[in-house]
Amino acid sequence: MEQILANGVYLGSQYAMIALGLTLIFALMNVLNFAHGQMYVIGGFVTYTFYGQLGVPFVLALIISCLTLAVLGALIEKFLFAPVIKGSAREESTMLLAAGIAFLLDALILLIFGEKQRGVPKIVNGVFNYDFRLIMPYDRIVICVLAILSIIAFICLMQYSKTGRALRALAQDRTAAQLMGVNVDRYSMIGFALGAMLAGLVGGLLVTITGVNLGMGGPTSIKAFMMVMIGGAGVISGAIWGGIILGFMEAIGLAVLSQYGDITYLLIFVSLMIFLAIRPQGLMGKPWG
Amino acid sequence: MQRRTLLKTAVIVTALQATMALAENPVLKIGFVGVTSGPAAAWGISNQRSMEARAAWINETGGYTIGETTYDIEIVSFDDQKDPKRAIAGMEKMAQEGIHYVVGPNVDDGAAAVRPVAEANGIMYFPYAFPKSLYQAPASNAVLGMVANYQSGPAIYKYLMENEGVKTVAFIAANESDPLSQRDGGVAAAKELGLEVVSDNVTYQVDTTDFTPVLTPVMRSRPDLLVLSGVSPANAPQLIRSARELGFEGLISTETAQDAGVLAEGAGDLANGFISVGGASTPELASPMMNEFVDRYKKMFGEYNDESNTKVYALEYILETLKAEPSAIKDVDVFQASMDTFEAPNPYMNGDAKLRYVGMSSFGQRRQVAVPLVVNVYQDGVFETLFVAEVD
Numbered sequence: 001m002e003q004i005l006a007n008g009v010y011l012g013s014q015y016a017m018i019a020l021g022l023t024l025i026f027a028l029m030n031v032l033n034f035a036h037g038q039m040y041v042i043g044g045f046v047t048y049t050f051y052g053q054l055g056v057p058f059v060l061a062l063i064i065s066c067l068t069l070a071v072l073g074a075l076i077e078k079f080l081f082a083p084v085i086k087g088s089a090r091e092e093s094t095m096l097l098a099a100g101i102a103f104l105l106d107a108l109i110l111l112i113f114g115e116k117q118r119g120v121p122k123i124v125n126g127v128f129n130y131d132f133r134l135i136m137p138y139d140r141i142v143i144c145v146l147a148i149l150s151i152i153a154f155i156c157l158m159q160y161s162k163t164g165r166a167l168r169a170l171a172q173d174r175t176a177a178q179l180m181g182v183n184v185d186r187y188s189m190i191g192f193a194l195g196a197m198l199a200g201l202v203g204g205l206l207v208t209i210t211g212v213n214l215g216m217g218g219p220t221s222i223k224a225f226m227m228v229m230i231g232g233a234g235v236i237s238g239a240i241w242g243g244i245i246l247g248f249m250e251a252i253g254l255a256v257l258s259q260y261g262d263i264t265y266l267l268i269f270v271s272l273m274i275f276l277a278i279r280p281q282g283l284m285g286k287p288w289g
Numbered sequence: 290m291q292r293r294t295l296l297k298t299a300v301i302v303t304a305l306q307a308t309m310a311l312a313e314n315p316v317l318k319i320g321f322v323g324v325t326s327g328p329a330a331a332w333g334i335s336n337q338r339s340m341e342a343r344a345a346w347i348n349e350t351g352g353y354t355i356g357e358t359t360y361d362i363e364i365v366s367f368d369d370q371k372d373p374k375r376a377i378a379g380m381e382k383m384a385q386e387g388i389h390y391v392v393g394p395n396v397d398d399g400a401a402a403v404r405p406v407a408e409a410n411g412i413m414y415f416p417y418a419f420p421k422s423l424y425q426a427p428a429s430n431a432v433l434g435m436v437a438n439y440q441s442g443p444a445i446y447k448y449l450m451e452n453e454g455v456k457t458v459a460f461i462a463a464n465e466s467d468p469l470s471q472r473d474g475g476v477a478a479a480k481e482l483g484l485e486v487v488s489d490n491v492t493y494q495v496d497t498t499d500f501t502p503v504l505t506p507v508m509r510s511r512p513d514l515l516v517l518s519g520v521s522p523a524n525a526p527q528l529i530r531s532a533r534e535l536g537f538e539g540l541i542s543t544e545t546a547q548d549a550g551v552l553a554e555g556a557g558d559l560a561n562g563f564i565s566v567g568g569a570s571t572p573e574l575a576s577p578m579m580n581e582f583v584d585r586y587k588k589m590f591g592e593y594n595d596e597s598n599t600k601v602y603a604l605e606y607i608l609e610t611l612k613a614e615p616s617a618i619k620d621v622d623v624f625q626a627s628m629d630t631f632e633a634p635n636p637y638m639n640g641d642a643k644l645r646y647v648g649m650s651s652f653g654q655r656r657q658v659a660v661p662l663v664v665n666v667y668q669d670g671v672f673e674t675l676f677v678a679e680v681d
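So the sequence lines, in the order shown, correspond to chains A and B. To convert, note that position 128 of the first sequence is 128 in the numbering used here; the numbers rise steadily by one, no gaps. So the number in the numbering used here is just where the residue sits in the second sequence, counting from 1, plus 289.
In isolation and in its complexed conformation, chain A is listed as follows (with noise of 0.2 Å):
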């Protein structure tokens, strides 16, 4: 039992990471971020680049990545989204848009950084064993605790700071925002590099533990979703609850149901369906959006 829990703790907390970036985007400009996932690859690329094979500090090639994401998707949301989404009243555009993006980005990390799994380096040694009952290894806790401070900061930065205040205002009303003085086109993009530079944040974090290949965007944004639509569109403590839920179903179920073969994410699925059937707008969402 606590070795189950641990690890749903553990999921939990990289999973709310991953679905953060993904909310906040989708609060602010209603845009399904089909590329996120493959936001969280290039940000494990890149910390395996600079931490990995050229021997930069850890911490610093953790900033280099978020740097770099943040850089992204400020520019894919002022050359890309930003044009579409004043262009085309249709939401599907910016679907297909992201689509497109993702499609792009899987072609770019192929050509850059080649169709290997690449890891890094432990960035702590040893495992935690607490007579066999519990065991973890020491880099798994330090990521864990790294990503609930990091969820602590972002909650700190979207409550406390005049960034944070501006983008609440445009993700409940962008018209009534506008109104208020809200630079709409500037904080569009910087909410947009935030959410890219989540996704960044979560994959320099992760490659430590899991490493990281061309073919996980995809899943990742997938999964990415499920916390999404499990929480509540748009709603960022619905992100992370979303991200515990699913962290604790996946660890429960591995351990108690590995006997019946890969059963885990049927039974997620259909639990999902289930439950969106009952509550559409799940559990933080709002009935009308």
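Careful, some of the hints might be misleading.
[Unchecked claim] With the C-beta cut set under 8 Å, the calculated list includes, among others, these residues of chain B facing chain A:
{"no.": "1", "residue": "Ser326"}
{"no.": "2", "residue": "Asn464"}
{"no.": "3", "residue": "Val491"}
{"no.": "4", "residue": "Gln494"}
{"no.": "5", "residue": "Thr498"}
{"no.": "6", "residue": "Val503"}
{"no.": "7", "residue": "Leu535"}
Hints in this document: simulated from the structure, not taken from any laboratory. Built from N, CA and C at the ideal position, the CB exists for glycine as well.
Please build the complex by placing chain B on the supplied structure of chain A, with the hints as guidance.
Okay, now just chain B, sitting in the frame of chain A:
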């Protein structure tokens, strides 16, 4: 004046182009349909790059003579994304281009899916997939391009029983057709050899990135040997790392080929002692031509992939068989008829090794390329040869 000079230049350039066109060799297209994107991309990319490196080498040295004609070799590639539907589309594309010899697909369901297209369009294909039905009569057009798990698995288990005292074994596989069928074949082989199978029903999603929760129940069974059935190069380091971090001290093996660099980066010293099927070459076996191939591959693509020691063979088998039977270029029936007796020197191995088709024991007909079965053990960043065997 300028106009006249321009006209003269145009005439000269056109004449030169015409002369060059006359001097150029006709092109022989060889296809590749396989996975070059996603988590298993390393499998297909090592195929594609091996073919492209060898084709470039042939073309650079004047082409390949079959009968009385010298051809330039062109590799036509199609990424099936490990999707059987796309594999069919890829094989149809090959048929439309008039290609009769194709390397790939890389996985079971893709190889099974393309069979009707290949047989209907007179295409011989060289899959890296293990279902026996692809190679047993009445199937006729598929030639296994490597050593199958039901050939390498028993050899590895037997070696470990005799040399390491292994008595119990656990299997873990991704929840998709190739790894599951390889797991089932491995379980049957282990039982036949007298090993006790203590866990064989734990599977994981193919996109899993964190294997600690998946492996926790397997570790409770405390096997002497943990077999990672059909594991992709992307997942192997993570599985090894998680198993070792969970306190597993037994042996870990797989029947798929792996990459030493990927293992070093993903699992580091934790991968020491990991046993896998290697590319069909070792420093002792490699001929000067194999070494030159590796150099040329590195020059073209940078990093070498150990799997290419096996993947280099398919194109060579196709070309050498066509050289032996030139009329098979457009008639695969001739190619098939020649497979029972075909034999040529193996340019990639030292000594008097031969290129020949095998598979009588496993398939009842010669539908497998003969490559050495090299079993490696990973140690401090490189593979060391554990033993070498042959398949009949």
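Against the structure, the hints come out as follows:
1. Given hint, serine 326 (chain B) at the interface with chain A, holds; its Cβ is 7 Å from that chain's nearest Cβ, closer than 8 Å.
2. Checking asparagine 464 (chain B) against chain A: minimum C-beta separation of about 4 Å stays under 8 Å; hint holds.
3. Taking 8 Å as the C-beta contact cut-off toward chain A, the hint placing valine 491 (chain B) at the interface holds, the least distance being around 5 Å.
4. Against a cut-off of 8 Å between C-beta atoms, the interface hint on glutamine 494 (chain B) holds, since the closest Cβ of chain A lies about 6 Å away.
5. Contact between threonine 498 (chain B) and chain A, as hinted, is supported at the beta carbon level, the nearest pair being about 4 Å apart and thus within 8 Å.
6. For valine 503 (chain B), the interface hint holds, the least distance from its beta-carbon to any beta-carbon of chain A being 6 Å, beneath 8 Å.
7. Hint status for leucine 535 (chain B): holds, given a least beta-carbon distance of 5 Å to chain A, under 8 Å.
Hint check: no violations occur; every hint is consistent with the structure.
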